[in-house]
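Protein chains in written order, with my numbering: chain A, 3 to 314; chain B, 5 to 352; chain C, 493 to 1005.
The set of hints was computed from the structure by calculation and includes no laboratory data.
Note that CB positions come from ideal geometry on N, CA and C, so glycine has one too.
One or more of the hints may lead you astray.
[Stated by the list, open to error] Using 25 Å as the maximum straight-line C-alpha spacing, the simulated SDA-like pairs for lysine to any residue come out as follows:
| no. | chain 1 | residue 1 | chain 2 | residue 2 |
| --- | --- | --- | --- | --- |
| 1 | A | K251 | C | P800 |
| 2 | B | K271 | B | R86 |
| 3 | A | K251 | C | A886 |
| 4 | C | K859 | B | V125 |
| 5 | C | K859 | C | A886 |
| 6 | C | K692 | B | V139 |
| 7 | C | K859 | B | R250 |
[Claimed, not checked] Derived CB-CB ranges, DEER-like:
| no. | chain 1 | residue 1 | chain 2 | residue 2 | range |
| --- | --- | --- | --- | --- | --- |
| 8 | C | P630 | A | M307 | 16 to 24 Å |
| 9 | B | S221 | C | D694 | 26 to 34 Å |
| 10 | B | S221 | A | S295 | 54 to 62 Å |
| 11 | C | P599 | A | L145 | 37 to 45 Å |
| 12 | B | R197 | A | P126 | 29 to 37 Å |
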Amino acid sequence: MSQALEILLTATFWAAALRIASPLIFGTLGALICERSGVLNLGIEGIMTFGAMVGWLTVFWGGDLWIGLAAAAAGGAAFGLLHALLTVPLGLSQHVTGLGITLLASSLTYYLYRLFVPQAATPPTIRSFVPVQIPYLSDLPLLGPALFAQTPPVYVALALVGIVAYVLYRTPLGLAIRAVGENPHAAEAQGVSVIGVRVGAVVAGSALMGMGGAFLTLAAFNSFFFNMIQGRGWVCIALVIFASWRPGKALLGALLYGAFDAYQLRLQTMVPGVPYQVFLMLPYVMSIGMLVSMSRRAMVPQALMQPYRRGE
Amino acid sequence: MRFERRERVPVVLALAAPLAAVLAALAICSVLVAAAHAPVMMAYAELVAGAFGSRLAITETLTRATPIILTGLAAAVAFRARFWNIGAEGQFYAAAIAVAAVGSHELSVPPMVLIPLLLAVGALAGATLLAGPAVLKVRFGVDEVVTTLLLNFIVLLAVSMMIEGPMKDPLAFGWPQSVPLVDDALLPKVVPRSRLHLGFLVALVAAGAVALVNARSVFGFESRAVGLNAEAARFAGIPVGGVLVRVGLLSGGLAGLAGALEVTGLKGYVTLDLSPGFGMTGVIVAMLAGLRPIAVIPTAIFVAGIFVGADAMGRAYGIPGFIADVILAVSLLAMLVALLFTSYRIRR
Amino acid sequence: MPRTVLRLDDVTKRFGALVANDAVSLELREGELLALLGENGAGKTTLMNILFGHQTADAGRVEAFGRELAPGRPRAAIDAGIGMVHQHFTLAANLSVLDNVMIGTEPLYRLGSRRAFARRRLAELAGRFGLAVAPDAPVSGLSVGERQRVEILKSLYRDARILALDEPTAVLTPQESARLFATLRAMAREGLSVIFISHKLDEVLAVADRIVILRGGRVVAERRAAETDRAELAELMVGRRVARPTREPVPPGEILLEARDVTVDERGRRSLDRASFSLRTHEIVGVAGVAGNGQAALMRLLAGLTVPTAGTLALFGQPVLQPDPRSLVRRGVARVPEDRLAQGVVADMAVWENAVLERVGDAPFSKFRVLRREIAVAHARDLLRRFDVRGGDAFTLTRALSGGNMQKLILGRNLAQAPRLVIASQPTRGLDEGAVAEVHGRLLQARRAGAAIVLISEDLDEILALSDRVHVIARGGLSASIAVADADPARLGMMMAGHFGVAEAEHDALRAS
């Protein structure tokens, strides 16, 4: 029993937790930005898949790792633009459009991968990001290896939490995004272009989602394989609700999930006789639990999922 | 530019919409076909031939259509009440494993009773699985999109656990699969020397039954009212929560029936690739069919044709099979746009 | 003669076959208070929407301070110095007052918001015009009057020199209305020009300098307030003699509904606090009050949608323990909700489907849970005829009906059953004079036939015209009732502000006698 608790005191555990949480930080922040402006983006699972593939393929073809990350962001933004155009000016159902985008982005991912990458016994690999040892800080006990010896994209994710929070709460753009998500008629009456802000927010959020997918192929692992995302996109959607649409709580939620997933992985080897699938199920069950715990008290952006038609 | 709602949807437009959507999808995807260095028109011709060009092709297409009709019905029933059941995949597998669990033992029950029993077991498994998200939505306001989606992963892991563990087929080599069903539990073929089984007819009957329920029953009326305006329905005294739960049970049951038929009619055992995404395909079928149960039949057959034809196209021209998924995803989005034009007029 | 600050020339707007504004021309002068008068559907709101850029005119032009206004963009109107106070407040409830005021005031590319500056400016404006607000308060917690102050401050913050107000007193008590108009007059003295929409004749006469009357989308007349009177305005506004039906005295009968200290808690808040009232046959009981004081909660209670947390409710002598809408409908309770599109009908269903919406599970419309369509359709046709519902047949999509006809359908499906209890909330909201008269006629008819009627309305004129007794609802509490003869606007205004004492004293006196 104590062995089970001892895991929590090792640095490698917390390093793994943060590493697992990072793609979720990108994805949750991305979904949060979209939803704050009033648009639910269920294309996240597909966009993360596409971002993972595009980022990896860019590097496979000789590009720099950071270019790969940027390409993933661009790919995500492209699908985000499609989702935005269909749901904002045209006002189509956000649920069905989002699912359609997920299907399109996923199937396009696999088609293009199959087309460009010859089939092999094991998927080809690239040289992914290596962990950076930050001088002095990485020598701290526990915190050192956990927080200050991660791959660069992890630090990008953490920085983004602060950036998104700052933009949302301290800039006119952030106020416009929030206004558009709470009462688009009020925003329009104050001279803010609801359509412009919503499209922009969805594009920006989707770019982050793409980066989240690329984290998996460029930092966590070094190859792309099918069904890589494994529902992380949907977990992000649940985490946004858990976070009450706030960036700080989104980080907390992602870390909680990461810690839980890291823990479950280690438990598998420690508890004999229980099939590994049971442990793999636990993070999904936890996500549902997080969703249920917040549903009663959620401060939903008032105009979320309501199409906006001018003059109505 | 403004959108003005139409008072009545012209039938011509309603029928033309899915057609236009699919044609648009095929046109857009021709770019992908070309990227695979294949001649576009000839490749598409191979697609059509592979789907409907021979007796074998047609039976294959109809066989493939069987589960898709049911998952399409499952989505149509749910979406009509604005209950976003995206968990048909999980419900399918839950039913499949339940059927394999019950049907792999020698029960002294004649096939005439055993088969309907197994189908009922499958439907019940699917319905039970969706009951959880339904209750969570009604009692706690938990969004059913995420819960049903996450459940898919959970169920798949549970099935994997079963077929690697207690339900493992000791005689199978290679990929893990479940113990097989006894012979009495298998559905007969309706066309000899083909894979087309009785399940296809069951699916047709199911579509008819759902159409009847929608049009003639109080439940059908109430679920439509809830889907269109839940608040007004509640004010009028319609028990919205109860209606949603019942819609969930019906939808889950239909998806479960799909799994049950696939196991008893086609495969005879459960593997992890029993469903190549039937659940999501059902969503596409439901939208293309305008959520109408009878329209689901030709739509599902058509969609199955795309899959079967894409296999043929792949074998002939080396085009990755995923082209079918891309075509259908684009069709879905194009259909949404087309629906916009049937419901609204554009005015300056 | 002061200069013209706003000029509309031949503004025309069509929605399909309907001409909402037909070559409307008018002028607003500096420092003037202009009233735009007309009944519902006359085109007033559309005109203001065109002015502010929410809609684009099909023809005509708008000139502000001598320069033509670019159509279709609120930002153009704001930049030209026009500010609008909307009828349905355009405020984001989850954001603070300061946030709401600041929306759209700074360029989006700026890296940091200048909140301290905005806060100071807001405080200065609030002080100058007497519109006190707390900048960090979330709008969701503000009263209706306070929200309107924020609406006005939004325009003043943007340096509006022309202020357009859409039915500003619809949601205010008489005292609050008086205060608002004093504020507007002060603004006019400072050089602002005000144009406001109203359909209340007394108000318009008391406050405006000039009155423009719209009818059927056209300007039919213009008058100086000092040179006209109520009767002339009424006739110009409606164009024909539409007399609203009057109530004749009928002695009330036995008690049908009795509520004692009924309290309702919803979502952790007390929405109704110890309400006591009784309803008798042959009687209309009015519940007056400004929006947002618990009317919706009262309606939900009486409609069978909520269960009382405390207190007793007895219907036809029997205690109501588990209210549910269907059983209420079966026992003869008719309910007319306040929002016909959101609660009354499923707009995308056919007329016949909405006609039987509340009773679809009962005989004769279904049997063994199978719908009997022909019977339902026949019933719908009968309703359409008896209640003069126009604009479609039984198979028309309900959305296609006009507001008045939709309301007649809702009334019809309830009144056709000769109900014993009628609960109507804002039954004439958004209806034109003709439809209002018809609705009032039906309610009075029901009263004559012996029904007990609860009329929840924000329209004081309506309450005073139809009720036998009047309660006032304020902040979730219900006053005792006073006879309508003793209910004058001033007294009711006091009660709406929460001073129930005036009613209590009289109630005790009544009981003692």
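Status of the hints after comparison with the structure:
no. : hint                          : result
1   : A:K251 <-> C:P800             : violated, 37 Å
2   : B:K271 <-> B:R86              : violated, 33 Å
3   : A:K251 <-> C:A886             : violated, 53 Å
4   : C:K859 <-> B:V125             : violated, 30 Å
5   : C:K859 <-> C:A886             : holds, 21 Å
6   : C:K692 <-> B:V139             : violated, 49 Å
7   : C:K859 <-> B:R250             : holds, 19 Å
8   : C:P630 <-> A:M307: 16 to 24 Å : holds, 22 Å
9   : B:S221 <-> C:D694: 26 to 34 Å : violated, 55 Å
10  : B:S221 <-> A:S295: 54 to 62 Å : violated, 37 Å
11  : C:P599 <-> A:L145: 37 to 45 Å : holds, 41 Å
12  : B:R197 <-> A:P126: 29 to 37 Å : violated, 43 Å
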